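Visitor: The lines below spell out each chain.
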Amino acid sequence: MISQTVLVTGLLLMLVGVWGMLTQRNILRIVIGFALMGTGSHIVIVAVGYVAGGTAPIVDGPVTVANAAARAVDPVPSALAVTAIVIGLAVIAVMLAFAIRLYEAKKTLSIDAFADSKW
Amino acid sequence: MVGSLLHPLNIFIVGLGTGFLIPLLNRLGKGWVAAAFLAALAAMTLISAVCAIHLYYGGEPIEILTGGALPPYAINLRMGLAEAFVATGATATALLGAIYVLREKYAVMLLYLILVMGVIGMIATRDLFNLFVFLEIVSIATYGLLSLGSRPEALSASFKFLMATVVASTFFLLGTMLLYAATGILNIDDLIAAREGIAGPIAFAALMLLLGCLLLELKPFPANGWGLDVYETAPGSIAALVASVVSAGVFFALLKLMPLFEDYWVVIAATGAITFVFANLIGLSQTKAQRLLGYSSVGQMGLLYMAAALLHIVDAKAAMPLVIGGLFINHLLAKAGLFWLAGVVSRERLTDWAGLGQHPIVLAGFGILICAIAGLPPFPGFWAKWQYIVSLASHGKFVWIAIALLGSLLEAAYLFRWLALTLHRPAGAKDWKPSRLALLPVFGAGALLALCGYGAARMAGLDADWIFLPLIAGLAIVVLGCVSDPAQRIAAILTVAAGGYWLVQGMTGIGFLFGALFFAGSAALVIASLYRKERRPGFYPFLVVLLLSLQALPRAATGLEFFVLFEFVTLASYFLILRRPEARSAAFSYVLFSLTSGYCLIAGFAVAHAVTGEVSLSALLTAAPESALAFGLLAAGFLIKAGAVGVHVWLPGAYADSDDDLSAILSAVVSKAPIFGLVVAAYATIRSEAMLDLAYAVGCLGMLTTVVGAVLALRQDDIKRMLAYSSMSQLGYIVAAVALMSHLGWVTALYLTANHLAVKGILFLVAAAVVLRTGRRTFSALGGLVKSMPVTFGIALVGVVAMSGLPPFTGFGGKWLLLSAMMEKGWYLPIALGVLATLVGLLYMVRFIRAIFLGPPRGATHTVPEAPWPILTAQAILIAGILIMTFFPKLLIVPISEAIDPAFASTLVWEGMSLELIYGYWNPLPTMAAAVAVSLLLIAALWLVRRRTARLPGTARSANFYDHYQPLLAAVTPPWAVTFWTAVARSTQRLGMLAGRVYTGNGQAYTLTVFYYFVAVYMVCAAISF
Amino acid sequence: MPRAAVIPLLVALGVVFGSVAINYSERTVLPPLAEAYVEMVPRELGAPNVITGILLNYRAFDTLGEVAVLFMVAAGVGLLLGGRAKTDDPDETQRTAAVPPSEIVRHGADILVPLVALFAAYIVVHGHLGPGGGFQGGAVAASCILLLVLAKPEYRVKFAQLSVMESLAGLLIVLLGVAGIVFAGGFLDNRILPLGEFGALFSAGAIPLLSVFLGAKVGCELSVIIGRFRA
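Protein chains in written order, with the working numbering: chain W, 1 to 119; chain H, 120 to 1145; chain B, 1146 to 1376.
So here's chain W without its partners, still in its complex pose (with noise of 0.2 Å):
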């Protein structure tokens, strides 16, 4: 139950990023929608790494190396997640950066006035 619930909450967050990034004018704005769908990703990611029950994969405390297999969740999600949000980390600053000289250029964050090339 817990992880159709968190899958649910990034599935949702993502389709909200997706209505943020297609409907908003400003640039800044776009950008947390495609921030937002980013996170909902990884909250997907984390979701379907769930095992009912489980914990860390650290061994530590309660977890040992003998019964680790039965307690943990599963690290590989974890890990990819840690990729994961370094590179949505990367493609937002990138992002950012282009609406900075985007905003130099016209004086103007609006997403129409950037409708250069056409046909």
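Take these hints with a grain of salt, some might be off.
Here are some chain H residues pointing at chain B (derived, C-beta under 8 Å) [what the hints assert, rightly or not]:
1) L135
2) G136
3) T185
4) P191
5) A193
6) I304
7) L649
8) Y650
Hints listed in this document are in silico derivations from the structure and should not be mistaken for laboratory results.
Computed from a predicted model, the values in this text were never measured in an experiment.
We put the CB at the ideal spot given by N, CA and C, even for glycine.
Starting from the known structure of chain W, fit chains H and B onto it as the hints suggest.
Guide: Just chains H and B, lined up with the frame of chain W:
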């Protein structure tokens, strides 16, 4: 085993290590950075190339293990032959293009280097999540490099690109994780092994997310506006990198995951097909160089993954290396080269490219790349398309073949229009000097293309190296031209003569007859070209290619060899026609119709190949009755190229607007290539009775061409146009004769071919001499030249008599043979058309003599000198040929008959009539009587028309006998064909502009399209699955 | 973008996502790959934190890719924002000067920066033992710089030094990977040093070392990115 220094793992160590080192080196100096950057790229190229060579010679695929554990626990990568080949192409292209970023900031080189490493990672990795990481490495490096375009529109385009690709890579991430949730697997090999078990809604959604991402990254129509904007606005060097190297990585990722999408291959093929056709359709209406290249790029990628998916569907594993590898390397090098060139030229609008042709080096590079992209020999794309068509034809996938050819034709249209634009400099254009170094990568790409083309030719099963002889000879003539102009001329003539003589050796049968004709005609006419005193850049090299290819044509033993030489002929003649600024539009329609003809031929040969399973032309002989389609396609191709009525619109311009001596060569010699092809194709199908109806239709079309050509010829005031239409008319006779499919018909066809070759050569050279001496080329401006050019007059008279079917010269014998052959088969409609055409032909030929040489002299034409000696020499040789044929007909007819006999010896069609029977016993009286009666009727009709128009009030009595018939002639030849083809061209262009309306330039709209594209793919695949 | 065009899309995406969510059932056992990792990491790498073991050994190639991504972002953002001309718009300069950081922020930063830095170091070196590691610690370290940038307008990010450090850390990571080929099982294999006592600070082969390099590199890179945005 490859030495440990050359282990492919080192690509990543070198790439990342140098990348991390670059900021440190930058503190030492800019030179260090550039040196390390180039060295790293060179090392990566070297490692890839060594791997490729090692694997090509049977080495085992090289596994790259990481983390001290085996897969699936640790990430592994693999260098198989395909990986190593694609990696070598990508790194070599990146290395060539690196020259353009050497002056940029160190960060640019760093991004460039890691991008290339990332592409190799995408190619080699066997872990799904690792693929995502490399995809992101490539994407983020691309974003950084795009910042080099500092104009506002470049920034806007980059942001659109960013939005779309971030969405796509989010799809990939989500897909990977859902697939892991469904299967617990990340290793690609394990996923493929377990693909039967990948089922259920979650796995399906995961696969769709992955497929959606990869398709979107390949920029499918219509969800590709963001990609096109970047191609348009990015610096040429960066656009080149994105279009070639980055696309290579994404494409290979799709190829790698292809087994996972087994149920959806047809969807992949369809998206590729839609992209290929629409991108090229919209490309037609582009006005900016880089945007045009962008459309071409997305189109080529569409073709590439369409081909990959289709080959998976038909399970043609053996064909994949050539088709996919060939199309891939062709696009990679040629598109990178063109983007580089666009960057070097840095003129945004296509029209601003006018005049670049003044730089022969630039022009040569540009021409090579355009020909490569258009899929012409000898470049790899050509062989790949051939193999694609052959592979699909044998599985009956004709629609997919048609799509590939249609898209290719559209693409060739805008590429060749662009090429033609650059040739002639408008007055007042600015001077421009390219730097030699900047052109180096462009030529590097060209050289690599040629090399790969040779390799691809071998893979396609072409083991006759003499096919490339014309190209090599042409290159040699180019080199000689740099040394001395007279030497180039002499060498060209000697090459044509000696090469032709050598090629004719060893030919037999009909091939030998055509070979001898091509040889004689080429050798005679090439002499006439000496009459032009000025330097003619590019003329002799292409002339040598043209004539040597033509003479080599009968030597072709397989459909592929034939087609290659046929395309060489087309290309060389196109470039020759294009040399005159006035001929630009004529050359354009010439190349389009020629390419269409070529596509019909390639499809025809492929179908024949699929039916018989043999490549050899002689194997066509045994083709079964179901090869009707093959014959139909081949006949269509040859008829287009012969200028049959309806598709003749290219012909008058090509023959009349080109150089005067070239017109003679084109009309006299080159026009016989499709005739030869038609005979070969007829050979292919002679045994099948189902073909006879088709043959009758071709025969009627031939005779209709004859009549229409003759009437149009009579309408012309321009000498060369008149001769051009006359050519069309005469070729119609020959086509009809071939279509008779009988012994007598074929004897006639060859006889008429020889006759027309000599006569049209003579008459076009007469026109050349008249234009040279008087500077005029219309009948109304000429007259009375008999006094000043008596020799030319005599020669023209011989030519006209020989052609118009009057005794005693060859035309008479030819016409007689033709009518007899038709009587024999009971083809009464064609006979009637033939008689009509003969009469009209007589009229325009009389006019030719009368208007030019007789009548009152106009202007100062009575003082002009006689024609120059090269023209007279060529004409003398041709007249000698006519005389020999006239007085010793058996010298020609006996070998023809003997060559043809084997084809008919055991057929139902031929009833065994020998040569002696024709001349000795066959009663010509009914034919002659009918001909005379019809002629009398027609003359009476003409006379009536003349009386009526003369009596009309207000009509002054014209000095010109022919003016009376102009209204009548105009009425019987409405310009339907021209109207039709113009409408086709216009509506195609309109359609393209209409489809281009999806590109509004709004980044959000593009992102929305990206999402909808994914949803569409999901829905379609769901419909297939559930 | 008209909302009418977006709503059908959200509905369609909702259907796609819904089909995933409805059909998803919570895992009750680990998939075989995960089970193998949970056993292998403590046994073979001597690291209690399985995630770190995966990240820094079995999937270290991914981690190397991530480092490359951050490295490129720092370079790319530098290209985008580094070389641009200072704006002449008086409004702009006034606005940045008009909002000086408050007293609390300035002094709070003085107190917090050393503590945060210490915390970052802890997270980095304990990556193999508990939650944390190079990325997490690096991010915390970069938050020091962020704090300084926010609190002290006169503070200038030292791009040159950071860039040198970043490059050196990157090179060391690659060299560590190469050392794996020479002294252990392959590229990026961390068992070049003794595994040590399970659960001790100096254990798990070269994983702590790799964590430190990663932490330094990530910290530098994020600081550079923050600095670029400030300019």
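Visitor: Could you work out which earlier hints the structure fails to respect and list their numbers in ascending sequence?
Guide: Numbers 7, 8 - these are the hints that the structure violates, sorted from lowest upward.
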